[in-house]
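*Asks:* Hey, can you work out the whole structure from these sequences and the hints?
Note that the protein sequences, when read in sequence, are chains A and B. At position 118 of the first sequence (counting the first as 1) the number is 118 in the numbering used here, and the numbers step up by one without a gap. At position 44 of the second sequence (counting the first as 1) the number is 44 in the numbering used here, and the numbers step up by one without a gap.
One thing to keep in mind: the hints can contain errors.
[To be verified] Which residues of chain A face chain B? A few of them, derived with a C-beta cut under 10 Å, are: (1) A41; (2) Q215; (3) T216; (4) A224; (5) A231; (6) R233; (7) G294.
[Stated by the list, open to error] No more than 27 Å apart at the CA atoms, straight line, and that leaves these computed lysine-lysine pairs for DSSO-like: (8) K112(B) x K245(A); (9) K66(B) x K233(B); (10) K83(B) x K52(B); (11) K245(A) x K113(B); (12) K197(B) x K66(B); (13) K197(B) x K233(B); (14) K83(B) x K244(B); (15) K240(A) x K83(B); (16) K150(A) x K52(B); (17) K66(B) x K240(A); (18) K245(A) x K150(A); (19) K52(B) x K233(B); (20) K66(B) x K83(B); (21) K244(B) x K68(B); (22) K112(B) x K124(B).
[As the list claims (entries may be wrong)] One side of the interface only, derived from the structure: several residues of chain A facing chain B at Cβ under 10 Å: (23) G219; (24) Q220; (25) I225; (26) G226; (27) Q230; (28) A232; (29) A235; (30) G236; (31) S241; (32) S295; (33) I334.
Just so you know, these hints were derived from the structure itself, not from any lab. From a predicted model like this one, the values you see are computed outputs, not experimental measurements. Ideal placement from N, C-alpha and C gives every residue a C-beta, glycine not left out.
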Amino acid sequence: MTSVSTPSGTASHKAPQADHAAQTKSLLQRIADLRAWLFLAALIAVFEIWARASFGGTFILNSFNVQSIAIFAVAPLLLATGQTFVIISGGIDLSLGFIMGLAAVVSAHTINALTPTLGLEFGVLGGFLVGVLVAGVPGIINGLLVSRLKVPPFIGTLGMFGVARGVAFLLAGGTTVPVSNSFFAAIGNGRFYGIPYIVIIAAIFVVIMHYLLSQTRFGQHNYAIGANVQAARRAGIDIKSHLLKLYILSAACAGLGGVLYSARFNAGAAQAGEPLLLDCVAAVVIGGASLFGGSGTIFGTVAGALVIAVIQYGLVFVNVEPFWQFISVGVVIIISVLIDQAQRRFSGGRQDE
Amino acid sequence: MNNSVQPLLEVSNLSKHFGAIRALDDFSMRINPGEVVALAGDNGAGKTTLIKTISGVFRPTAGEIKLKGQPVDFQTPQEARDKGIETIYQDLALADNLTIGANIFLGREPMKKAFGFLPVLDRKKMADAARDTMALLDFHVSRLEAPVSNFSGGQRQAVAIGRAVYWDAQILIMDEPTAALGVPEQRKVIQLIHQLKAQGRGIIFISHNLQDIFAVSDRIIVLRRGVTAGERKISETTHDEVVKLMVGG
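*Replies:* Structure, rendered in structure tokens:
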């Protein structure tokens, strides 16, 4: 019975069976574990019916819509991927949105500066590297604040939110930075057999992050730290170095999101990630992670990010006033947390929080 | 005391001072293989200082610790653990969201290669080790994929002990192992301690519960204000005498 688990689930997320659990309960839990994907399916069905009823069109069978939703989901998904790691460890990273903006501006400047000497391709490569590396700097500071100086993650990263925002606007001169590099524009808007390049890049990156979380010691220690820091420390895990790596990783995810944003719009903007700040936390929570730490998966976060993207795009598509997006996403977040609480009660396990 | 066998652990004239405070002063004890030594004493008597000094959390101000005859000087708890001294805390140092196997291997997870090149966690090895170790402690668990939060307090304590056993700890320091448990579970832990004893391990057992102490220990050392107030064989003492030693009557 103990065959090696498939990459789709970490040991901690095999549907847990309490001592007294009947089969029905474990089925319920299995459904609860997949709730984000069920949400997604239900949402798509609603918009499909809505579109057919109101103007006889199709929502999801239209490849343009699917591509748009996928492109729309790239940036929030990349931020949410980093955020998933941080939230599982019991922390939160509020600075990701503006780290993304910072990376967008820096990569735009870098590509403009490098293209004349290095050419189109190497200019873009330099822009990617410098953008992600510069994004790592606020990550290092976040990590040092949280791990060495014991600053609560909420406050430390809130401070970095302001710093990254200011630096990004200063570097951008208060405006957007247009990029003149046709190769960069091609990455941002080109397609491979109909699939946008940036979606492919994001998908590959997310698969790597899934591997990191579910199959490596780093990921395993991340779950342990989120559940019981004391236990992790006593087991010999170096908490300080883990937290430092963790915040650098989440900042690098935001950095990649920023560079892809610049590619898509052919310009870097400091406010690129502003609306995504809370969307990425929402995606993680909708995806089944607990803000108390110790649980969550990349698989769930992907669904969470898609749920938000489908709501936002779908409401525009069926021509509802955009303000309904806020309401819908808010309601979905609350429902997700309620389901999470109910699931904990079902599982019968003790919950110390 | 039986002086003919090599003691597992020998502590001689150990002192630990914090500034002017003598938390532990000139303390000596020995533990033979298969022996359970109880430490008793009021709060602040120096029990915690003693176990933290033995397990490498504190460095002694003076004195010597010998492990199987070899002097040791631990810089970190990890060094003590590597040498086979494992501490089991009353508040169950487990990650509740992980499986028994993952808890046993926490911090030293086994890896294997998937597709011949990609390093991944060896969950099968962890699950197998969990099953074997728990069976060794006479806990037969089938749900190796379940997080430990799904198990009862006694089973969780068994997991903590199982981790020490798997890593072949020779000395187990158990700090109030029954404090957080119900009565039936306390009995189970007492049974476990008997089993560890039968396997030839040495156990330092700290408890406020004299009944538990008398149920499992061979000897009892009573501490008072950092010094040994008395050492007795369990077979030759009574509850009353131990209480008198503790309060200094």
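*Asks:* If a hint holds in the structure, say so; if it doesn't, say that too.
*Replies:* Hints and how they fare:
Residue-level restraint check for A41(A) is violated (minimum Cβ-Cβ distance to chain B is 27 Å; threshold 10 Å). For Q215(A), the interface hint holds, the least distance from its beta-carbon to any beta-carbon of chain B being 4 Å, beneath 10 Å. Checking T216(A) against chain B by beta carbon gives a least distance of about 7 Å; that is within 10 Å, so the hint holds. With 10 Å as the threshold, the beta carbon of A224(A) comes within range of chain B, its nearest partner Cβ sitting at about 4 Å, so the hint holds.
Annotation: A231(A) was flagged as interfacial toward chain B, and the flag holds, the nearest CB pair being 4 Å apart, inside 10 Å. Annotation: R233(A) was flagged as interfacial toward chain B, and the flag holds, the nearest CB pair being 9 Å apart, inside 10 Å. For G294(A), the shortest C-beta to C-beta distance to chain B is roughly 4 Å, which falls under 10 Å, so the interface hint holds. Distance hint between K112(B) and K245(A) is fulfilled; the C-alpha atoms sit about 23 Å from each other, no more than 27 Å.
Of the pairs offered as hints, the one joining K66(B) and K233(B) holds, with about 22 Å between alpha carbons and a cut-off of 27 Å not exceeded. The straight-line distance between the Cα atoms of K83(B) and K52(B) is roughly 15 Å, inside the 27 Å bound, and the hint therefore holds. Between K245(A) and K113(B) the CA atoms are separated by roughly 24 Å; this keeps the pair inside 27 Å, and the hint holds. The straight-line distance between the Cα atoms of K197(B) and K66(B) is roughly 20 Å, inside the 27 Å bound, and the hint therefore holds.
At roughly 16 Å between alpha-carbon atoms, K197(B) and K233(B) fall within 27 Å of each other, so this suggested pair holds. Our distance criterion of 27 Å between C-alpha atoms is broken by K83(B) and K244(B), whose separation comes to about 36 Å. Taking the CA atoms of K240(A) and K83(B), the gap is near 24 Å; set against the 27 Å cutoff, the hint holds. For the proposed pair K150(A) and K52(B), the alpha carbon gap of about 24 Å is at most 27 Å, so the pair holds.
In summary, the hint linking K66(B) to K240(A) is not supported, as the alpha carbons are separated by about 32 Å, beyond the 27 Å threshold. The suggested pairing of K245(A) with K150(A) holds, with an alpha-carbon distance near 15 Å, which does not exceed 27 Å. Proposed proximity of K52(B) and K233(B) is supported: the alpha carbons are some 24 Å apart, at most 27 Å. The hinted pair formed by K66(B) and K83(B) meets the criterion: a straight-line CA distance of about 11 Å does not exceed 27 Å.
The suggested pairing of K244(B) with K68(B) is violated, with an alpha-carbon distance near 33 Å, which exceeds 27 Å. For the proposed pair K112(B) and K124(B), the alpha carbon gap of about 10 Å is at most 27 Å, so the pair holds. The closest approach between the C-beta of G219(A) and any C-beta of chain B is roughly 8 Å, which is under the 10 Å cut-off, so the hint is satisfied. Below 10 Å, beta-carbon pairs count as interface contacts, and Q220(A) has one with chain B at about 6 Å; its hint therefore holds.
With a least beta-carbon distance of about 8 Å to chain B, the hint placing I225(A) at the interface is held under the 10 Å criterion. Of the supplied interface hints, the one on G226(A) holds, with its beta-carbon coming within about 7 Å of a beta-carbon of chain B, less than 10 Å. Below 10 Å, beta-carbon pairs count as interface contacts, and Q230(A) has one with chain B at about 6 Å; its hint therefore holds. Interface restraint check: A232(A) against chain B, minimum CB-CB distance 7 Å, threshold 10 Å, status holds.
The criterion of a C-beta within 10 Å of any C-beta in chain B is met by A235(A), whose closest approach is roughly 4 Å, and the hint holds. Taking 10 Å as the C-beta cut-off, the interface hint given for G236(A) holds, the closest approach to chain B being about 4 Å. The interface hint given for S241(A) is broken, as the beta carbon of that residue sits about 13 Å from the closest beta carbon of chain B, more than 10 Å. Residue-level restraint check for S295(A) holds (minimum Cβ-Cβ distance to chain B is 6 Å; threshold 10 Å).
With its C-beta approaching chain B no nearer than about 24 Å, I334(A) sits outside the 10 Å limit, and its interface hint is violated.
Checked against the numbered hints given earlier, the structure breaks hints 1, 14, 17, 21, 31 and 33 and satisfies all the rest.
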